[in-house]
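Student: Order-wise, the sequence lines are chains A and B. In case it helps, the working numbering puts the first sequence at residues 3 to 204. In case it helps, the working numbering puts the second sequence at residues 6 to 652.
Derived from the structure by calculation, the hints contain no laboratory data. From the three backbone atoms N, C-alpha and C, an ideal C-beta is built for every residue, glycine too. Be aware that one or more of the hints could be misleading.
As the list claims (entries may be wrong) - Below, a sample of chain B positions facing chain A; criterion: calculated Cβ distance under 10 Å:
id, residue
1, 246
2, 248
3, 540
4, 549
5, 624
6, 625
As the list claims (entries may be wrong) - Looking from chain A toward chain B, a few residues come up when the C-beta cut is under 10 Å (computed):
id, residue
7, 18
8, 24
9, 25
10, 26
11, 32
12, 33
13, 37
14, 38
15, 44
16, 131
17, 154
18, 167
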Amino acid sequence: MREAEIVADVSGLPTTTFGHRSMMWWGTLGYLIIEGSTLVISAGCYFYLRKNFSTWPPEHVFRPGLTAAAIQAGLMLVSNVPMATVDRAARRLDLRTVRTGMVICSVLAVVMCIVRTFEFGALHVRWDTNAYGSAAWATLVTHSTLLLLETVESLVFTALLFSPSMEQRDLSGAVDNAVYWYFMTLAWLPLAAVVFLSPYLT
Amino acid sequence: MSATLPERAPAFPGDIVQQLEATWRPESGLLGWLRSVNHKSIGLRYIVTAFVFFLLGGIEAAAMRAQLARPEATLLGPDAYNQFFTMHGTTMMFLFAVPVMDAIGLYLVPLMIGARNVAFPKLNAYGYWVYLFGGVFLYVMFFLNTGPDTGWFSYVPLAGPEFSPGKRVDVWAQTITFTEISALVAAVEIIVTVFKNRAPGMTLHRMPLFVWAMLVQAFMVLFAMPWIATASQFLAMDRLVGTHFFNPAEGGDALLWQHLFWFFGHPEVYLILLPGLGFVSSIVATFTRRPVFGYAAMVLSLIATAFLGFGLWVHHMFATGLPALGESFFSASSMMIAIPSGIQIFCWIATIWAGRPRLAVPLLFVLGFVIVFVIGGLSGVMVASVPVDQVVHDTYFVVAHFHYVLIGGAVFPLFGAVYYWFPKVTGRMLDERLGRWHFWLFFVGVNLTFFPMHQLGLDGMPRRVYTYLAGMGWDNLNLLASVGAAVVAVSVAIFLANVAVSLRAGAAVGDDPWGADTLEWAASSPPRPYNFAFIPMVESRTPLWHTPGPLPAAAGLRTDVQEVLVTTLLDAEPDSRHRHPPPTIWPLVAAVATAVTFIALIFTPWGIVIGLPLLFAGFLGWAWPRGRDHEEQVRVERQPRPQESVP
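For reference, chain A alone in the conformation it holds in the complex (with noise of 0.2 Å):
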C-alpha cells in the first residue's frame, strides 16, 4: 500500500446526515427512477394497444367507476400532509412528532390498500376480457406493488420508531421514507387520469 502523509481529520464529520447528504436518499432516488419508468412504460402501452381498438372501452365493456378511484386520489393527496409533518419533524430530531405521523401515515397507507381492492373491482374489465383490460389492470398492479411495499416498510419503520434499538441515524430513513411516498402518492394522480378519467374522454 502507498504510503499516506496524513493531512486532513475527518473525525469531526457527523454519523447522521438528512437528504441529499446521505446515500440512502440517492439509493431511493435510483429506486424511484426505476419504478417511474415502470408506470410510465405501463401507461405507455395503455395508449399504444388504445389505437387497436375503434371504441375505447371496448364494445361491451362499461366504463370504469369513479367512486373508489376518487376517495383514493384524495387519501393520497392528503396524506402528503402528515408525511411531510414527518420529514420535517425528523430534520429536526423530534422523535416524538415523527413517531405520531408515522402512525397516522401507517394507517392511512392500510386504509389506500382496502381502497385499492374496491378500485379493481370499479374497473367492470378482467384482465383476460381483451387487451384494454389487460392494459388497466397492469396499470393499477404495478402502482399497486409499490403501494404494498410503502405499507410493508412504513409499518415496519413505525415499529423500529417505538423499539428500543432505535437510533438518531434512523431519523435519515424517515426523510428517505418521506421522498418515496410523495412520489407513490403524486404519482398515481395522473395514472389514475389514465385509466379511470381516459376512457371518458371517447
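With the hints as your guide, set chain B onto chain A.
Tutor: Quick look at chain B alone, frame taken from chain A:
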C-alpha cells in the same frame, strides 16, 4: 471537515493498521463466505461466475459451429439447435456480458475512487445471489430439456402461448427477471458509490474515465432495464393468466413486444460497450505513459453515446413495415452514433500517437479492439441504411455485424482488462508469452469465424437454421467459420491455462507493476479488506503520477468499527461518516426468497402468495437492526474513541 492538521503526520502508525486489519478481517469458513458483503469478494465471485457462463455460452457456440461446418450434419437436431442458439444468446447477453462488466465495476470503482466499499454492501451481495440463482435456474432447466428455444429476443407470436406451449419461454422470461434485478442493483450501487463515496478532492472532472464509463452505463441500465422488465412480465402474464398484451385477436399487438424489447435491447449493446471503452481508456493511458487525449471530449462522447443509444431501437424493426418517415429518422440516428464512437477512437489514437506505447498484452487487446470494433462499426453504418437492412435482415450478415461489435467492443477490452488488473486482484502477473498466444489466436480466430459470415449473409444464408443443403454455395465459408471457432476455442483454453498457472506460479508483484496513474494502484496487491488505511486526498486527475511519493490522505475514520467516508456529489468534500454494515446472511436469504417466488410464478399465479411472506421475512431480517454484530458495533461506537485514530 472538522479541521486540517497543521503539520503532516507520519504515515501508517502500526497500531492503526493492526486495528484496521482486526476490524475489517473477513470471516472464515463457508458461512463467512456466504455472509460476505465486501465489494471485492462479491465482485470476484461475480467475475468468476460470469466467466463460467461465458464458457457455457462458448460451448454452445462451438456446438453450433460443429453442426454447421458441413451441410446436412446431424450433430444437433432442429429442436436442440433452437435451444442452443437461444441459450447462447441469452447466456452471452444476460449472464455474461452485462454482469461481467458490472462485476468489474463493482470490484474496481471503489478502489479507483478511494472508497472502502460500495454504497450499499448488503444490496450488492443480494444482487450477486439473485444473478447466480437466475443463471443456475436457466441451466438446470436447459439440462432438463426445458431450455428456451425462441431466440434471445423471444419474439411474439412465436413466444406466445399459442405457438410455444410448455414452460420453455417462461423459463426465459423469468431468467430475464433475475438478471434485470441484479443489473439494476449494480447500477444503483455504482451511481451512489460514485456520487457519495469519492475520495476528498476527486471532483467530477478528476474522475478516471473508467469510472465515468461505469457511471454513464449505470444510468443507462436504470432507464433501459424497466422496459425489458415490463415486457417480460407482460409475456409471462400472457402465458400464465391469459392477458392479451401481445394477442392481436383481443386487441393486443405483436409489435408492442418489439418496441418494448428493443427500447431495452439496443441500449443493451451500449451497456456492454461503455465499460469496455472505460477499460480501453485506462489501458491506453498506462501503456503510453500519458493521460488520454481530450478528457472532456471523451466524457461528453460517453454521455452522447448513452443518449443516442436510446434513439436507435427501431432500426431493429426496419423489416416490420414502419412508416417511411420513422425509418428515415432512425436511419439517421443510427448513423449519428458513429460520431461519439469515432471521437473516442481518434482520442485514443492521438494518445498512442503522442505517447510512448509499450506493446504489452493489455495494449495488444486494445489494438485488436480498435480494428475489430471499427469493422463492426462500418457494417453497422451499412445496416443502418434501410434498403441494405431490408436485403440482409435475418441473414448471417447481421450475425457477423453484431459479433464484430460485441466481441470487438466488449470481449477484446475485457481480456485486456483481465491482463491489466489481474496483478492488482491476485498479486501475481499473468504470463506475457501465453498472453500473446492468446491474443493472436483470438484475433485470428474471431476474424476467421465472423468475416466469412458477411459473405454468407450476402449469399442469402438465413440465421438460425440448423442445417443447409449441399450445393447452396455456403459449404466452404461455413467450414472456414467453424475452423475459426476452433481457433477461438484454443485461444480461450490458453487464457484459462494462463490464469490457472499464474494464480499459483505467476511472478509476484508490488502495488503498481505497470506504473499506472489511478488510485487502485495505491492499494496493496491484492487489496486489503478496507482498501486504504487512510482515505486518499486527490489533487489531480492522475493522482499517482502527480504525487510520486506518499499520498496526501485524511485520517479520522474510526478504526475500532467499520466506518466509511461520505463526500459531496460535485466537489467530493468530506461530509459525514457512515457505519459500514457487518457481514450478514440476510442478503442470501432474501435472494432465496426471491428465487422461490419467481420460479413458483412460472407454474402458478399463486406463487405470489407463497413468495410474499418469504420475501417479507427475508427483507425484514435484512432491515431490522438486530443481531449480535449490530449490537456489538453500537456498543463499541458508544465507547470513547481510541486516541490513535487521529495521528
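Student: Tell me the numbers of any earlier hints that the structure contravenes, in ascending order.
Tutor: Hints that this structure does not satisfy do not exist here, as all of them hold.
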